[in-house]
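Visitor: Below, each chain spelled out in residue letters.
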Amino acid sequence: MAKLTFDLPDLGEGLIGATVLEWLVSIGDYVERGAPLVEVETTKSAVELPSPRSGTVVEFHVDEGHDLLVGETLVTFDVPDDSAGIVGTVPAEAPPKRRVRLSLPDD
Amino acid sequence: MFYAVTPSGETIAHRREPGADPVLLVHGFGSDAEATWNATGWLRALADAGRGAIVVDLRGHGASSKPHDPSAYRTSVLAADLAAVLDSENLGSAAVDVIGYSMGSQVARALARDAPERIRRLVLGGIGQHEQLRLWGRDATQSVLLDDVDVEDETATAILRAAADRPGADRRALAACAAGVASEDLPVGPLPMPTLIVVGEADPVAAGADALASGLGAGLEVVPKRNHQTTLSSRAFKSAVLDFLSA
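Those sequence lines, one after another, are chains A and B. Residue 1 is where the first sequence starts when you use my numbering, and the numbers rise one by one after that. Residue 1 is where the second sequence starts when you use my numbering, and the numbers rise one by one after that.
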């Protein structure tokens, strides 16, 4: 198994971040790609984000009721090694315990 | 996207999602089918339950016609648009389950008033005792939508601004819609079809939902801590509705 982290995706309309309303899966759950993963609220609307991959949920990087910016780490999955290789982004080290701002918004 | 044509020539955009027993989904003021029903996970939740869907952009919104005359947005006209969409979906005489949210719930109530035989079960989300656009008043809605001037009611200002600022929004059409919908009251009497009202605990728009529920003879589900915006995407709303529709 390999660990893959996923960031908060760009939600469009110039939005730079979101608040996590509710995780729709639990740590240890196996989640299919496209299944409901997390519900987030932006200044414009509330949206449900589907899982970007199939895998087992290992860690939430943000608690319900907390904010994060687009590009910040949202969740870590465990995926089988062979499928992890397809995207070629298998981190060697453990996922960071603290949230890190990866990039500044363009404006 | 398909377009139903109304008797007066407007086009009403709608789309069919595969699945059995499609549910008609009616979005609220200033939104559209995509933002209200797809981005919030509703189409996925219905598909997971084996249900299809018919999503529509109400006139004045999304890819539908956007007349600028308030009389083109009377609830009877908006309800007739839904009937035209159902006709164009070739469902025969079968009644459908209908889910509305916010102003979409008022339009669904108008369909229940004008053509009750078309609705099997009815879900009214995000409404209370008073229709919000009517409660805020024509001066307030026109002020924010046409003159860009905020009003005292913060919820009103926030919802109207969000509507006006959406990409592709036609402010004159939205102002006409707000005025047209607010021009009449909907009946508050027992509905002939099973009806469920779902509101957020922290949604000021839904004030008095319990009184409305008892007037309409409807069930009431209150989603803890959620506001007008966040109730829509909540798992609690979806599971309450899926239970109601499969009962």
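Each hint should be verified, as a subset may be incorrect.
To be verified - FRET-style restraints, in silico, Cβ to Cβ:
no., chain 1, residue 1, chain 2, residue 2, range
1, A, D10, B, L242, 28 to 36 Å
2, A, H66, B, R172, 38 to 46 Å
3, B, D87, A, E13, 30 to 38 Å
4, A, E13, B, H68, 22 to 30 Å
Don't read these hints as lab results, they were simulated from the structure. Glycine included, every Cβ here is placed at the ideal spot set by N, Cα and C.
Visitor: Lying within 22 to 30 Å: is that true of the beta-carbon distance E13 of chain A to H68 of chain B?
Guide: With a Cβ separation near 25 Å, E13 of chain A and H68 of chain B satisfy 22 to 30 Å, so the hint holds.
Visitor: Is 28 to 36 Å a correct range for the gap between the Cβ atoms of D10 of chain A and L242 of chain B?
Guide: 30 Å, holds
Visitor: Regarding D87 of chain B and E13 of chain A, is the given constraint of 30 to 38 Å on their beta-carbon distance met?
Guide: This hint holds: roughly 34 Å between Cβ atoms.
Visitor: Between H66 of chain A and R172 of chain B, does the C-beta distance stay in 38 to 46 Å?
Guide: 40 Å, holds
The earlier numbered hints are all upheld by this structure, with none contradicted.
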